[in-house]
Every structure is written in structure tokens, then in C-alpha cells.
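Starting from the structure of chain A, add chain S where the hints point.
As a plain string of letters, each chain reads:
Protein chains: 2
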Amino acid sequence: MDKSKRARVKELLTKGEPRDDVIVEGWVKTRRDSKGGFSFLEINDGSCQKNIQAIVDHSLDAYKQNEKKLQTGSCVGVRGKLVASQGKGQSVEIQTGELWVYGGADPETYPLQKKYHSLEFLREIAHLRPRTNTIGAVMRVRNRLAFSIHRFFQDRGFVYLHTPIITTSDCEGAGEMFQVTTLDLNQVPKDNGQVNYGEDFFGRKANLTVSGQLEGEIYAMALSLIYTFGPTFRAENSNTSRHLSEFWMVEPEMAFYDLDDDMDLAEKFIQYLFKDVLEECSEDLEFFNNRIDKHLIETLTHVAENRFERIPYSDAVHLLEKSNEKFTYSVEWGCNLQAEHERYLAEKHFKKPVIIYNYPESIKPFYMKLNDDGETVRAMDVLLPRLGEIIGGSQREDDLDTLQKRIKEKGLDLEEYWWYLDLRRFGSAPHSGFGLGFERLVQFVSGVENIRDVIPFPRTPKHAGF
Amino acid sequence: MDKSKRARVKELLTKGEPRDDVIVEGWVKTRRDSKGGFSFLEINDGSCQKNIQAIVDHSLDAYKQNEKKLQTGSCVGVRGKLVASQGKGQSVEIQTGELWVYGGADPETYPLQKKYHSLEFLREIAHLRPRTNTIGAVMRVRNRLAFSIHRFFQDRGFVYLHTPIITTSDCEGAGEMFQVTTLDLNQVPKDNGQVNYGEDFFGRKANLTVSGQLEGEIYAMALSLIYTFGPTFRAENSNTSRHLSEFWMVEPEMAFYDLDDDMDLAEKFIQYLFKDVLEECSEDLEFFNNRIDKHLIETLTHVAENRFERIPYSDAVHLLEKSNEKFTYSVEWGCNLQAEHERYLAEKHFKKPVIIYNYPESIKPFYMKLNDDGETVRAMDVLLPRLGEIIGGSQREDDLDTLQKRIKEKGLDLEEYWWYLDLRRFGSAPHSGFGLGFERLVQFVSGVENIRDVIPFPRTPKHAGF
Chain A
7 MDKSKRARVK ELLTKGEPRD DVIVEGWVKT RRDSKGGFSF LEINDGSCQK NIQAIVDHSL
67 DAYKQNEKKL QTGSCVGVRG KLVASQGKGQ SVEIQTGELW VYGGADPETY PLQKKYHSLE
127 FLREIAHLRP RTNTIGAVMR VRNRLAFSIH RFFQDRGFVY LHTPIITTSD CEGAGEMFQV
187 TTLDLNQVPK DNGQVNYGED FFGRKANLTV SGQLEGEIYA MALSLIYTFG PTFRAENSNT
247 SRHLSEFWMV EPEMAFYDLD DDMDLAEKFI QYLFKDVLEE CSEDLEFFNN RIDKHLIETL
307 THVAENRFER IPYSDAVHLL EKSNEKFTYS VEWGCNLQAE HERYLAEKHF KKPVIIYNYP
367 ESIKPFYMKL NDDGETVRAM DVLLPRLGEI IGGSQREDDL DTLQKRIKEK GLDLEEYWWY
427 LDLRRFGSAP HSGFGLGFER LVQFVSGVEN IRDVIPFPRT PKHAGF
Chain S
7 MDKSKRARVK ELLTKGEPRD DVIVEGWVKT RRDSKGGFSF LEINDGSCQK NIQAIVDHSL
67 DAYKQNEKKL QTGSCVGVRG KLVASQGKGQ SVEIQTGELW VYGGADPETY PLQKKYHSLE
127 FLREIAHLRP RTNTIGAVMR VRNRLAFSIH RFFQDRGFVY LHTPIITTSD CEGAGEMFQV
187 TTLDLNQVPK DNGQVNYGED FFGRKANLTV SGQLEGEIYA MALSLIYTFG PTFRAENSNT
247 SRHLSEFWMV EPEMAFYDLD DDMDLAEKFI QYLFKDVLEE CSEDLEFFNN RIDKHLIETL
307 THVAENRFER IPYSDAVHLL EKSNEKFTYS VEWGCNLQAE HERYLAEKHF KKPVIIYNYP
367 ESIKPFYMKL NDDGETVRAM DVLLPRLGEI IGGSQREDDL DTLQKRIKEK GLDLEEYWWY
427 LDLRRFGSAP HSGFGLGFER LVQFVSGVEN IRDVIPFPRT PKHAGF
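The listed protein sequences derive, respectively, from chains A and S. 7 is the number of the first residue of the first sequence in this note's numbering; add one for each residue after it. 7 is the number of the first residue of the second sequence in this note's numbering; add one for each residue after it.
This is chain A alone, in the form it adopts within the complex (with noise of 0.2 angstroms):
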């Protein structure tokens, strides 16, 4: 085979001049056989959502010989001469000339006929879903996101920055963490009826992390500007559409960004995002517009294109206790705000992403930067219409005697905190970050309801299959 003729049906679909010779290789959509001796293959390679048409003439040796393996999910190559096609619905297609079949697949057996299946049935083939049409468009539009994310802040001059997944320390609470050992679990060896770590793998308790943000912060007071991107873990027990027990988060932090920095550049970033992904997916968005959400693409691009509401935790309550909305939780000062209440504000009020900051200080963890009133932190949750918060960031405390002081009042151990205290002891500087969390990101934009439908394994309470 002449390698140099491939080509992927994306490359073809778009930029398709016809030409004498190519060769596609991809999986068998449909086939349907015409009176006149011949049938056309539709064929996809994952490259973009439409397949390729390719007729395929009976009078063929090749088709006489594998004609029962050209079914829905068989695995061809085919090479033969592009031309504009004549039929509806494509631009061009295929007339073959040699066809191979790679491997068949039994439509007794084969899970993935051309049928409708629900995304609860697909999770269970979590190995064959990425086949159909939802998953695979799924799954580019999370990929250019992922792309679309490390470009932003390449070109601002942010360092991409590994923080670590196995950790000893606990130091955000942000959660329920899992605890990761080498440890025989049978017979656990203990030490005056104590586990004794000192036997494990790291010579310490360990767990997986929940959040790099202080390990970001260390590399921020010394190269400025960095966003990690990576997978964090929460061992809560929720069997939500938004909950994932493994999911991926992105997690810039700026040294000499104050909070009014930090907000801005998170408008930024999610309207760098939705219009890079508006152009770049604009088929997979097509797609999710006419089978999920038939607003979806007018509201992302309403996203992108206005600017985002800011308003101060404390007016966003007197906006909710005036407004005449019946709230299952009811909003009073120093109230976590309920999705319900979010959702008001970014759907029914303002009509658009909110930026609500300046939250309590009673409600927020102990490194967020206390404001003059002694009463609020610079924290600040960025809200969408429909999806609710998906971003959450503040300005550090950079004060040493302030964050000790909270460290403590919080119940915390500050000798658990060394390094993370050291970092307001030597050169210390204002800085601020925040937190995406990648499923919600793509959840958002493709519409699909569920999260476990977004990533490629989901993991949750007893789920941790593939």
C-alpha cells in the first residue's frame, strides 16, 4: 500500500479538490446496497463527525470476497479515485478501487447498531462508546478545549506546572481525600495499635490531592505566572450529573495579580475559550445545538461576546432577599449561597455569567486575602446561566501574621503549613489564582447533562471500571 496517498475524512470533507488516488481508513457507519450492483460505504476515522461515502461496485473481487464482513462496525480501507458526488449531503465521495476489510464485527453480537442508546447503556461499553456520534464529538470538543487551555496561557508566559497527585499533606480541606499505601491491607502492621505509617510506601500517611493551588502558589512566588492542569480527587460519596471521584482541574496563580486581576483574566480565559471552540468545533457544536440544547451555540456565543456581571457577595444577598423568588434555602449574611440562588442571579436576573466576590470570611478556607472590614476575604466564583459556578479563585493571603492568625482560628496545625508560611516569610507578594473544573467546562459547552458523558472513564462511588 502506498502510504503517502492516506488521508483523514476531515482533511477530505473540508478542503476536498478532487484527486485520482487516495486512500481512507476508518469504521463502517452504514451500508446500504443499491439495486444497481454497487453500495455505499459510509466510513468514519474519529477525525471529524461526518463519514465518507464510498461506492463500492459488486463487480469488485474484493467486495465479493468480504461482502458479510461489510457491516455496521466492521473495520475497511478503501482507495480509489475522489470525485464531487452526485448524491445529497456530501461534497465528495469515493469510488473505489481496491477495498480491504481489517477486521468484521458480528451484528448478532455487536453492541453498536445503527439504533438509538441511551448514554446510561453506553457508560456500561465504556470501550465501544467513543464509536457513536455524541462521544466522539464529545470528545474533540474536550480535546480542543484541553489545547484551547494550554494555549491561552502559553501566550500570556504562564510555566505549566506539574503539581503532585500523591501528597502528605491535607492542606486545603477542600475534601474528602483517598488515601494511597503499599501497605498489605490483610495484615496491616501497627504500632501500639496504631496503623504504623512508618512501614508504608512514602514512610507517611499519603493521599491523593485534591487541589494544587499551594503548590502552584510556591512556583508562582518564583516564576510569576503558572496554571497547572491535572487530574485532583474527591472520595465523597455523591452520586450526582456533577460529581466526579476523579476529574481534571486547571489552576493558573499570578503573583502581583490582585483580585480585580484575577477576574479579569478569568472573563478572559472562558471568552478566549468559547470562541476558540465556537470555530474550531463548529460541526461537533452543530451536532449538540440540534440534539441536546437548541440554544447551546447562542448562548455560548452570548457568553463570549458580553462582558461578565461583578457584584459583591453582599449585594447579590440583598438582590436575592428582595427579589420575590420562592428558595428552598433561604439567603440571609454569611449564607453559602445555594445553586438555586445562582442560578437566579446569572439566569433570571442578570442574564449572564456573574461574577459574585468579596464573600465572607466565615464561609471561605483560611488562605483567602481578608479585606480591610475584617469581615469579607477577596474570593470570587464566577456563575454561568444553566451550568451555576465553574470557576472559584480569590487573592491569597500574603500577610504573614494575618494567615497565621487565620490558620489558627480555623483549627488548623501550622507546622502542617512550614513551607506554605515560608513562602510570606521570604519575598513575599500579592498573588491570586483560581480553579476551573475541566468536566464542568466541557459539560457547558456541549450541553450533555451529564458528567460521567464528558470524560472518557468516569470514576465514581462503586464505578471504577476500564
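Wrong hints could be hidden among the right ones.
The list treats identical chains as interchangeable, and a pair is accepted whether it falls inside one copy or across any two copies.
[Said to hold, decoys possible] List of simulated lysine-lysine pairs, DSSO-like, C-alpha gap at most 30 angstroms: (1) 11 with 281; (2) 11 with 274; (3) 370 with 416; (4) 411 with 74; (5) 211 with 196; (6) 211 with 468; (7) 416 with 120; (8) 35 with 21; (9) 16 with 281; (10) 358 with 9; (11) 468 with 196; (12) 87 with 328; (13) 196 with 411; (14) 300 with 21.
The set of hints was computed from the structure by calculation and includes no laboratory data.
Below, chain S alone, put in the same frame as chain A:
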């Protein structure tokens, strides 16, 4: 402060036309006091290796107020005029009009005074070491390589895939695994004397992944071209300069690629990365070239510009047998090649990168495609002079019967591989892939000897601090 005047040191030094009003914020590397009544501050913000020099007149009020705080390691901001420098070593410098100190660094306690610090010592202060020239340079090079990896694959239509970190299968058997659990190790629930994993978070025993390859194959059998870039883990008690318990791996997987295509891609990949980093990180590479390895840039250029040697395993064994080298381990057909053998081939014999392929079946995993000779498999290793193996890959076995046979022969449990076998049952295709250890790449490119110094927070036996 007029934030629009802010600039990064790299920008000023590279495109630094004089300008009237500029703000720089960063950390003081050194301060020299002149008898003429002014001081030179060398300020670094991590954007590049070089510092920018700010000249501060002692008559400035801010200087008088902050004089004692202006020490090595303190964090400052200066505002002033960017002018062509009269002194040696820099093109431009700042005539300081305003000066402020964000945070001091007491010379009595700040560990990073201007003197030589061993890399071993710096590991103990991993929260401050990014402020050193060496670690700063390593992390900028690491960042560029990471981005370059994404660009290489994205430009070629590959989809970035996040394979799972927590896994319940030990399919590859590539190494010792860490266990992930939420069970209380003080009171492990048992059933008939054995751990009752029904009570664990995922309802069964779970581990940290050693490779994303098998899951990568799933997506290659749908999207054709994919790559992973994520953390992987080995719970091995290896205390060497080349082993980490947690490291990042890049694993592309390509449908319709045979072993030749796989080797072509691996070679292009390495050469692309080296060319890019030579261009984009010249300042940091020159630093490594001066400080660590006088032949570094020459070696990188040589690898980037010359075709790799390719040689079948059998021929490599012949070569080694015929050589007059004294090896610690003797060589015969069927043996694993040791580091000394690989070094001989790459450094002494061929004096360039070497790809060895078609290894004996008996020393390679079950998933590698069996050659027609029945004795060798389509495996390949890329060896670089000085570093040894940097890439290992193979064409995968795509024949269902052969694969089942080999799984059984290797003493593995067929049922564990149900989904992996399904990929050969439904629409099987020839496919190939490889793995690249990211930290080894950074080691090679920087010349840094110990792998613990090329990752922000190394995890090794008994070490998981920060």
C-alpha cells in the same frame, strides 16, 4: 498603580526599546551599592534566566524607608524609565522613579543567599528552589517541552485523551502498583479473613495506573489518532537518579500504523521537540551548556538533524557479541539488553540515536504483535546516546485468536481483558503506539543528572513532602 505599564523582564530584555514609563515586579537577586549614592538591584520575575537591572538613587524616599528590606530574596516593584544601559551585561536598565517592597527576606534566615547550593540541599527546600537559576531554567524548559508535545500531536490531528488515574485493572502488569482506598486502615473490614473490598469506595480493589496504553487503544479504535499525557505511578523501591514513583508519561496510539509508521512517528517526534526547544529555550539551554554539559547543545542539535539508526534486535545482539567490549552482563539472543549494551550501541558504535526493533517474544508483554517467525514481536525501543531508552513502543496484536493465546501463555486471566479483547472482536484494526517518559526527556534536554531535579515535587520511596 497604572497596571497597563507592567511588563515582564523577558519582554523588556528581548524587545526592549527604551520607554518612558515601565513597571517591573519581581525578586531581588542581588543588590550592589555604589559609592555614587545609588544601588543596582538585579530583579528577576521568572520569565527568563536574566535579571533586569534597576538603578535606585539613594535620595529616593522609598529607598530610605526600605533600605534594610532590599536584600536578596525580597520582592519589589520598581517604576521608571527604561533606558539603554551604559554597563556591561545588559542592553537596557531601569532608572527607578518609584520603588516599593512587597515582602522582605531576612538574610539571617533566608536560605537562598547568593552562594553555591547543592541540588541535594535544594530538594529539602523544594518550596524555594524554583527561585534558583537551575530549577527556574529546568521548569521553563519543561514547560516548553510539554507545550511542544501538545502542538506536535494537535498539528497532526491527534486527540488528547485523559485516561484514568484510578484503575481496577492491572492489565499491563508494567510494574508494582499503589493501592487507592477509603477503608479505615486501623479497622480493615474483613470477610472470611480477607479484606472486604465490597466496603471500599469503588466496591473492589483499586490502584493507581501504571500506563494509559490499553485505554488509549480503546479511543484509537474510534478516533484513529490519540495521545495521552498524564501522571503514572510505580510503587517500586528504586532509589536511582532515573526513577520516580510518580512521573508523567506521553502515550500516542495510532490506528492503521504498523511498526514502521510507529518508528517514523517516534523519530519525527523527538526531532520536533529538540528543534523547538533549541529555538525557544536558547537562553536556558546555554545556561545548562555552560554549567552542566559542554556538549549539550551540540548533542541536541545532532539528534535533531540526523536520521536515527534502525536495527533489528537480532542484529544488535550480533554486533554486541562481536564487539570487544567487556560487559558486566553477557549478551545472547533472548536476553534483555542492559543499559551498558544500549549505551555501547548508541554512544560508541553508532554514535547517534538507535531504534532497536523486533524483540524476542519471550521478553515482551502479551499485547505486542507477533511476527510471522513466531519468535519475535513488533516492539521497538528508541535509545539516545547518554540517556539510554527514552521511548518504548510496539505494534499491537490485533488478531483475536493470537491475542487470547498469548494472554493465556503469559499466565494472565482472560476474563480481566474482556473489553481489550472486544476491540479485536469488533472492527479490529492494525495499530501501534509508544510511550515516552516525560521526566527522562527533560533530563536529556537539560543535562540535569538526577530526575528528582526535573520535576517540581519528586515522589520517591520515603519522600512525598510538599
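Here is what the structure says about each hint:
| no. | hint | in the structure |
| --- | --- | --- |
| 1 | 11 with 281 | between (34 angstroms within a copy, 28 angstroms between copies) |
| 2 | 11 with 274 | between (42 angstroms within a copy, 19 angstroms between copies) |
| 3 | 370 with 416 | within (10 angstroms within a copy, 54 angstroms between copies) |
| 4 | 411 with 74 | between (75 angstroms within a copy, 26 angstroms between copies) |
| 5 | 211 with 196 | both (13 angstroms within a copy, 22 angstroms between copies) |
| 6 | 211 with 468 | both (23 angstroms within a copy, 11 angstroms between copies) |
| 7 | 416 with 120 | neither (57 angstroms within a copy, 37 angstroms between copies) |
| 8 | 35 with 21 | within (22 angstroms within a copy, 54 angstroms between copies) |
| 9 | 16 with 281 | both (21 angstroms within a copy, 29 angstroms between copies) |
| 10 | 358 with 9 | between (50 angstroms within a copy, 27 angstroms between copies) |
| 11 | 468 with 196 | both (28 angstroms within a copy, 18 angstroms between copies) |
| 12 | 87 with 328 | neither (69 angstroms within a copy, 52 angstroms between copies) |
| 13 | 196 with 411 | neither (36 angstroms within a copy, 44 angstroms between copies) |
| 14 | 300 with 21 | within (29 angstroms within a copy, 48 angstroms between copies) |
The structure fails to meet hints 7, 12, 13 from the earlier list, while all remaining hints are met.
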